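*Asks:* Sequence:
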Amino acid sequence: MEQQLKIFIEVVERKSFSRAAKSLYMSQPAVSQYIASLEKELGVRLLERSNKFVQVNRAGKIVYQYAKDIIRNYDQMKLLVSDIKNNPSGQLKIGASYTIGEYLLPKILARLQVEFPKIIPSVFIGNTEDIGKKLIHHEIDIGLIEGQFVHPQILSEKFSTDKMYIITGGRQSLKGEVTISNEKLEQQTWIIREQGSGTREVLEDFFKKNHIHPKRVIILGSTQTIKEGVESGLGISLLSELTLNKELQLHTIKKLEVEGTPIQRDFSIIKNHHEFHPKALQTFESLVKSSLVE
Numbered sequence: 006m007e008q009q010l011k012i013f014i015e016v017v018e019r020k021s022f023s024r025a026a027k028s029l030y031m032s033q034p035a036v037s038q039y040i041a042s043l044e045k046e047l048g049v050r051l052l053e054r055s056n057k058f059v060q061v062n063r064a065g066k067i068v069y070q071y072a073k074d075i076i077r078n079y080d081q082m083k084l085l086v087s088d089i090k091n092n093p094s095g096q097l098k099i100g101a102s103y104t105i106g107e108y109l110l111p112k113i114l115a116r117l118q119v120e121f122p123k124i125i126p127s128v129f130i131g132n133t134e135d136i137g138k139k140l141i142h143h144e145i146d147i148g149l150i151e152g153q154f155v156h157p158q159i160l161s162e163k164f165s166t167d168k169m170y171i172i173t174g175g176r177q178s179l180k181g182e183v184t185i186s187n188e189k190l191e192q193q194t195w196i197i198r199e200q201g202s203g204t205r206e207v208l209e210d211f212f213k214k215n216h217i218h219p220k221r222v223i224i225l226g227s228t229q230t231i232k233e234g235v236e237s238g239l240g241i242s243l244l245s246e247l248t249l250n251k252e253l254q255l256h257t258i259k260k261l262e263v264e265g266t267p268i269q270r271d272f273s274i275i276k277n278h279h280e281f282h283p284k285a286l287q288t289f290e291s292l293v294k295s296s297l298v299e
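In this text, residue positions in the sequence shown follow our numbering: the first is 6, and each later residue adds one.
If you're looking for bench data, these hints aren't it; they were derived computationally from the structure. Values in this document were obtained by computation on a predicted structure and should not be read as measured data. All residues carry an ideal CB built from backbone N, CA and C; glycine is no exception. Among the hints, erroneous ones may be present.
Unchecked claim - Derived SDA-like pairs (lysine to any residue); straight-line CA-CA distance at most 25 Å:
1. 57 with 32
2. 98 with 164
3. 163 with 276
Stated by the list, open to error - Computed beta-carbon distance windows for the label pairs:
4. 86 with 125: 17 to 23 Å
5. 184 with 291: 40 to 46 Å
6. 153 with 7: 36 to 42 Å
7. 291 with 199: 28 to 34 Å
Let the hints inform the model, and build the full structure from the sequences given.
*Replies:* And the structure:
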């Protein structure tokens with residue numbers, strides 16, 4: 006049954022018996038035989054065939070969804086059983102939000118490589134919302150996020166605290182002022198992250214608490230681009246102190262004295278609730294917690 010389901014999934018996703026056969030290093034007749042055997046066992050046709058395409062029908066869609074879960078659970082079962090007698094090893098799919106993924110995760114991965122070389126990480130970097138959604142859909146095994154992602158399927162645990170500052174370019178006139186008023190902040194051009202970003206969430210909360218309605222807002226999709234915009238005098242922004250070390254040393258970016266800053270936020274580990282977690286995941290999680298000090 007396992008082999009039948011794996012072949013069926015491949016045919017559905019590639020929409021072709023020949024492409025599935027090539028991917029699986031099998032002959033096309035062998036693939037067709039496995040599909041026919043599965044359809045006979047279930048007593049229903051799953052695929053509509055023509056000379057040009059293979060299309061999944063209603064019954065096939067149901068089988069495809071369950072087959073994905075069955076194979077995932079079967080693979081996880083084998084991994085967990087193997088874990089009992091072996092050292093941590095295998096593939097580990099990690100998701101990280103931008104600040105963590107670009108400024109913290111590389112050091113953790115370097116340590117992982119030295120201490121646990123049999124664990125093979127693959128990394129997806131996106132905003133907090135992206136990471137949470139990928140975890141829910143089992144596209145990643147564990148997530149490291151800034152801010153919060155709330156879902157009944159997700160277990161969240163704080164592992165560090167971040168400090169965030171309002172920043173301006175090194176040559177901008179605002180940097181000379183002692184404390185910047187909310188009225189002055191409101192008149193500035195703000196460079197902010199996209200919707201779904203943990204950094205954006207913190208900034209919007211700051212605006213709301215201080216009744217600030219920015220005169221002009223520019224949305225940019227990465228921390229590096231925002232820093233370059235601030236350096237060039239395009240506007241001001243709110244970013245993690247972790248992202249600013251080089252720019253602060255070179256004096257191309259300055260922290261602004263603003264009441265209520267720095268703003269603290271949590272960095273959290275998120276994973277699927279009520280699931281068995283392999284040694285590789287547990288090992289990585291322990292490494293994250295031990296690598297960072299608040």
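*Asks:* Work down the list of hints and note, for each, if the structure agrees.
*Replies:* Results of checking the hints against the structure:
1. Under the criterion of a C-alpha separation no larger than 25 Å, the hint pairing residue 57 with residue 32 is consistent with the structure, at around 18 Å.
2. For the hint pairing residue 98 with residue 164, the CA-to-CA distance comes to about 19 Å; that is within 25 Å, so the pair holds.
3. For the hint linking residue 163 to residue 276, the alpha-carbon distance of about 12 Å falls within 25 Å, and the restraint holds.
4. For residue 86 and residue 125, the hinted distance range of 17 to 23 Å is satisfied, since their beta carbons lie about 19 Å from each other.
5. Separated by about 43 Å at the C-beta atoms, residue 184 and residue 291 satisfy the suggested range of 40 to 46 Å.
6. For the pair residue 153 and residue 7, the supplied restraint of 36 to 42 Å holds, since their beta-carbon distance comes to about 38 Å.
7. As the Cβ distance of residue 291 to residue 199 is approximately 32 Å, the hint placing it in 28 to 34 Å holds.
The structure fails none of the hints (numbered hints given earlier).
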